[in-house]
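Colleague: Model the full structure from these sequences, guided by the hints.
Here the protein sequences come in this chain order: A and X. Per the numbering used here, residue 214 is the first one in the first sequence, and the count goes up by one each step. Per the numbering used here, residue 214 is the first one in the second sequence, and the count goes up by one each step.
Read the hints as simulated data drawn from the structure, not as lab findings. Accuracy of the hints is not assured; some may be wrong.
Same chains, same names: a pair is fine if it fits in one copy or spans any two.
[Said to hold, decoys possible] Lysine-lysine pairs mimicking DSS-like chemistry, simulated, CA-CA at most 30 Å apart:
id : residue 1 : residue 2
1  : K242      : K497
2  : K285      : K597
3  : K597      : K340
4  : K497      : K223
5  : K330      : K479
6  : K278      : K440
7  : K509      : K553
8  : K486      : K242
9  : K223      : K282
10 : K479      : K223
11 : K597      : K537
12 : K635      : K358
13 : K479      : K358
14 : K553      : K301
15 : K635      : K577
16 : K537      : K483
17 : K358      : K513
18 : K577      : K479
19 : K330      : K242
20 : K301      : K358
21 : K509      : K436
Number of protein chains: 2
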Amino acid sequence: MEFLTGVRQKETLEISELLAVDGEGQTVKVNGAVHTIRNMGNVAFVVLRKREGLLQCVYEEGVSKFALKDVKEADTIEIEGVLEQNEKAPNGIEIRMESIRILSEPADERMPLAISKWKLNTSVDAKLNYRSIALRNIRERAKFKIQEGITRAFRDFLYGQGFTEIHTPKLGAKSAEGGANLFRLEYFHRPAILQQSPQLYKQMMVGVYDRVFETAPVFRAEKHNTKRHLNEYTSLDFEMGYIDGFEDVMAMETGFLQYLMELLKKDYAKELKILDITLPDVSKIPAVRFDEIKQKVSEKYDRRIKNPFDLEPEEEQLISQYAKEEWGSDFVFVTHYPSKKRPFYAMDDPEDSRYTLSFDLLYKGLEITTGGQRIHDYQMLLDKLAARGMEEEGLTHYLDTFKHGMPPHGGLGIGLERLTMKLVGEDNVRETTLFPRDLSRLEP
Amino acid sequence: MEFLTGVRQKETLEISELLAVDGEGQTVKVNGAVHTIRNMGNVAFVVLRKREGLLQCVYEEGVSKFALKDVKEADTIEIEGVLEQNEKAPNGIEIRMESIRILSEPADERMPLAISKWKLNTSVDAKLNYRSIALRNIRERAKFKIQEGITRAFRDFLYGQGFTEIHTPKLGAKSAEGGANLFRLEYFHRPAILQQSPQLYKQMMVGVYDRVFETAPVFRAEKHNTKRHLNEYTSLDFEMGYIDGFEDVMAMETGFLQYLMELLKKDYAKELKILDITLPDVSKIPAVRFDEIKQKVSEKYDRRIKNPFDLEPEEEQLISQYAKEEWGSDFVFVTHYPSKKRPFYAMDDPEDSRYTLSFDLLYKGLEITTGGQRIHDYQMLLDKLAARGMEEEGLTHYLDTFKHGMPPHGGLGIGLERLTMKLVGEDNVRETTLFPRDLSRLEP
Chain A
214 MEFLTGVRQK
224 ETLEISELLA
234 VDGEGQTVKV
244 NGAVHTIRNM
254 GNVAFVVLRK
264 REGLLQCVYE
274 EGVSKFALKD
284 VKEADTIEIE
294 GVLEQNEKAP
304 NGIEIRMESI
314 RILSEPADER
324 MPLAISKWKL
334 NTSVDAKLNY
344 RSIALRNIRE
354 RAKFKIQEGI
364 TRAFRDFLYG
374 QGFTEIHTPK
384 LGAKSAEGGA
394 NLFRLEYFHR
404 PAILQQSPQL
414 YKQMMVGVYD
424 RVFETAPVFR
434 AEKHNTKRHL
444 NEYTSLDFEM
454 GYIDGFEDVM
464 AMETGFLQYL
474 MELLKKDYAK
484 ELKILDITLP
494 DVSKIPAVRF
504 DEIKQKVSEK
514 YDRRIKNPFD
524 LEPEEEQLIS
534 QYAKEEWGSD
544 FVFVTHYPSK
554 KRPFYAMDDP
564 EDSRYTLSFD
574 LLYKGLEITT
584 GGQRIHDYQM
594 LLDKLAARGM
604 EEEGLTHYLD
614 TFKHGMPPHG
624 GLGIGLERLT
634 MKLVGEDNVR
644 ETTLFPRDLS
654 RLEP
Chain X
214 MEFLTGVRQK
224 ETLEISELLA
234 VDGEGQTVKV
244 NGAVHTIRNM
254 GNVAFVVLRK
264 REGLLQCVYE
274 EGVSKFALKD
284 VKEADTIEIE
294 GVLEQNEKAP
304 NGIEIRMESI
314 RILSEPADER
324 MPLAISKWKL
334 NTSVDAKLNY
344 RSIALRNIRE
354 RAKFKIQEGI
364 TRAFRDFLYG
374 QGFTEIHTPK
384 LGAKSAEGGA
394 NLFRLEYFHR
404 PAILQQSPQL
414 YKQMMVGVYD
424 RVFETAPVFR
434 AEKHNTKRHL
444 NEYTSLDFEM
454 GYIDGFEDVM
464 AMETGFLQYL
474 MELLKKDYAK
484 ELKILDITLP
494 DVSKIPAVRF
504 DEIKQKVSEK
514 YDRRIKNPFD
524 LEPEEEQLIS
534 QYAKEEWGSD
544 FVFVTHYPSK
554 KRPFYAMDDP
564 EDSRYTLSFD
574 LLYKGLEITT
584 GGQRIHDYQM
594 LLDKLAARGM
604 EEEGLTHYLD
614 TFKHGMPPHG
624 GLGIGLERLT
634 MKLVGEDNVR
644 ETTLFPRDLS
654 RLEP
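Modeller: Below, the structure written as structure tokens:
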């Protein structure tokens, strides 16, 4: 019997700890994976991959107390050596190696991808086929640190705004947006679906906590095979009560984006540099009506409006181009989407019920958010369902929530992988999805 | 066209903002849901439910500029009135109502549950059937704020320990622990499953970031119908590389629990008080071998050991009782579980391969965590699979990761709803699951 009393102190140092060591010439211990070995004859550079970056370790024949051949790429090792300053080395430090201890060895050191190159110049498919190896590349893994920063900023910002985090079920008997595009399965001899959105649940929880959010997977059985679509993705969702209008929701998202950029600058500067990212200006984001921007784009780019009630992908591109040229913004809110294009719970514009009090946020030509005000009145919901020929069956619990009172509210959902993609400058959403699921990919 | 420039300043005040108002007698605006109305004749108390708690508002005939009958329970309203101190009121403040504005009205004000009572004295089933209403009760919703605190502490603690957050897919072609207890579905004409754990993915990511975590749903098609089992739950998972032994994993969990208790004391004091929770002492947590504690329990409680390689639920109870009586701890790590009871990836004890370098954490008689060291050597993994008669097919990508080198590592998974349940003193895990999924429940 023993007692555990908390996190154990480690003998080995991380890069930030090495940088904090007072004075050079001290003997230190470090560990890591052998990222690459550059043999220069009497001297060799053994570069360790550590979670905080690369660490240059110097082997010198006659000084180091082991043979260079004892260590190879893809080993994980522990090194004892002397810490030195070297402005040419990553982070300006290196370790003069004295002794090593092999922690583990690869069965096959011929890597399927050249992960130690600065850029992995290979196809998306090759990267995905060797995903867990490809991500060992410093630039590849940096993208998902940026993704971490986004999720973290979303949560921390919303906690600060009085939101409560919730966990809603992904298995259900019924889904928010009707019967299309649902993955179906059998649940103990009953038909079930995977939720394509936490929509109904987060609305129900507004009656409990006023403001709620969730960061969780959603599932869409859409047969799209594009660079923008995934069949499983992480949705950053929030819903807020006591709004004066859907502008409150857009304002909250703007606040989140501002918080995000500050957090990235502060805590993810290393990754921004690795990926050579210039953060967008989000001090003010233009919002423009759907019908108005269609008209503006049509005029400016001499383009005929084919369908006044729909946006084509090319139009989304042009709207973003317009916003950049006219208002200097990479982001643009497009508001008042046509009612036909929005789900039953969307609040129609009382001034023109062909449109809704809703919005999309476009970022460099890509829709990354859909949101808006929701119907909070029980009878209005029943009427909307009836007008659409939808059944109340399966929505009983949702509707009962409104029967017993709900404040005016609205919310949004952000596609995490899409936002990451645009932020890091990729053009395929698979590049910013750890293990993407699409029409042809269910593994790894 | 307009510009959004960030979160909008609200005119209405939250409870913490009211408490910060300098001096009483000021006119303020607040909003909220009418939780209950107590009519005392010339005076009535209109109690608002707000996200930070209850707020007492006082209606006085002749002073308030509206009729009491204009407001009813389950309305959401905005109030203008005068802020006063009253030590008998919740938080020591109340609002003398001057005028109101109705924001929304219920279609039916007869609530299915008496949510304004202090305790909802009704069955678990009734609570779940009216879940979104039941949670409007102040004690019910407090449980899920504690749950938020747990997830938040888990993430914040691990960020501080150099972990990276990941999002792994829930749809897959193959799962970690073999073929049993999986939900199956069709994925574009291919057979697919829902992951019962992020195990294989988080291990693969150790080769990338050294330390990773995920907080996400997992799915288990187990036909258990008990107070401890769910078919979908939130798993708090982490995996860490460069460990000296599985004790490092237990030490990290102990550190998390210590961080959690401090966070709850600091940021969730209100909820701890509402639920009358005394936090457990986690300054030191005993760890004892599986075979040893079975023997000790057998001797102390005069109980015959039926199966030396398995733990019965009653034994888990008695182990916790033993840990409390002998070591004064609500928590106890049980280590070195029999190899037969652990999945293929568990590292066997080199000193006795009938046992593994693994552990469970029991909290007041309930297993809330399973963890341990994993095999990191490619050949050892192949041998283990062969010894179990398992196929490599479907594990190719996982195995390739090890082929190209992996550090010694280990990790764990914590059941969020179970930890919440024990912390808030419930005896059914459905009480601490927002919308539980079990053998009979797929809705709401």
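Colleague: Taking the hints in turn, state whether each one holds.
Modeller: Here's how the hints hold up against the structure:
1. K242 / K497: between (48 Å within a copy, 28 Å between copies)
2. K285 / K597: Between copies only: 26 Å across, 67 Å inside.
3. K597 / K340: between (47 Å within a copy, 29 Å between copies)
4. K497 / K223: Intra 46 Å, inter 19 Å, cutoff 30 Å: inter-copy only.
5. K330 / K479: within (27 Å within a copy, 47 Å between copies)
6. K278 / K440: neither (52 Å within a copy, 60 Å between copies)
7. K509 / K553: within (22 Å within a copy, 69 Å between copies)
8. K486 / K242: within (28 Å within a copy, 47 Å between copies)
9. K223 / K282: within (28 Å within a copy, 68 Å between copies)
10. K479 / K223: both (27 Å within a copy, 28 Å between copies)
11. K597 / K537: Answer is neither; intra-copy 37 Å and inter-copy 58 Å both fail.
12. K635 / K358: within (14 Å within a copy, 34 Å between copies)
13. K479 / K358: Classified as both: same-chain Cα gap 13 Å, cross-chain 29 Å, threshold 30 Å.
14. K553 / K301: neither (60 Å within a copy, 53 Å between copies)
15. K635 / K577: within (7 Å within a copy, 48 Å between copies)
16. K537 / K483: Only inside one copy: K537 and K483 sit 28 Å apart there, 47 Å across copies, limit 30 Å.
17. K358 / K513: Neither: 39 Å inside a copy, 51 Å across copies.
18. K577 / K479: Intra 24 Å, inter 42 Å, cutoff 30 Å: intra-copy only.
19. K330 / K242: Intra 26 Å, inter 61 Å, cutoff 30 Å: intra-copy only.
20. K301 / K358: within (25 Å within a copy, 50 Å between copies)
21. K509 / K436: Neither: 32 Å inside a copy, 59 Å across copies.
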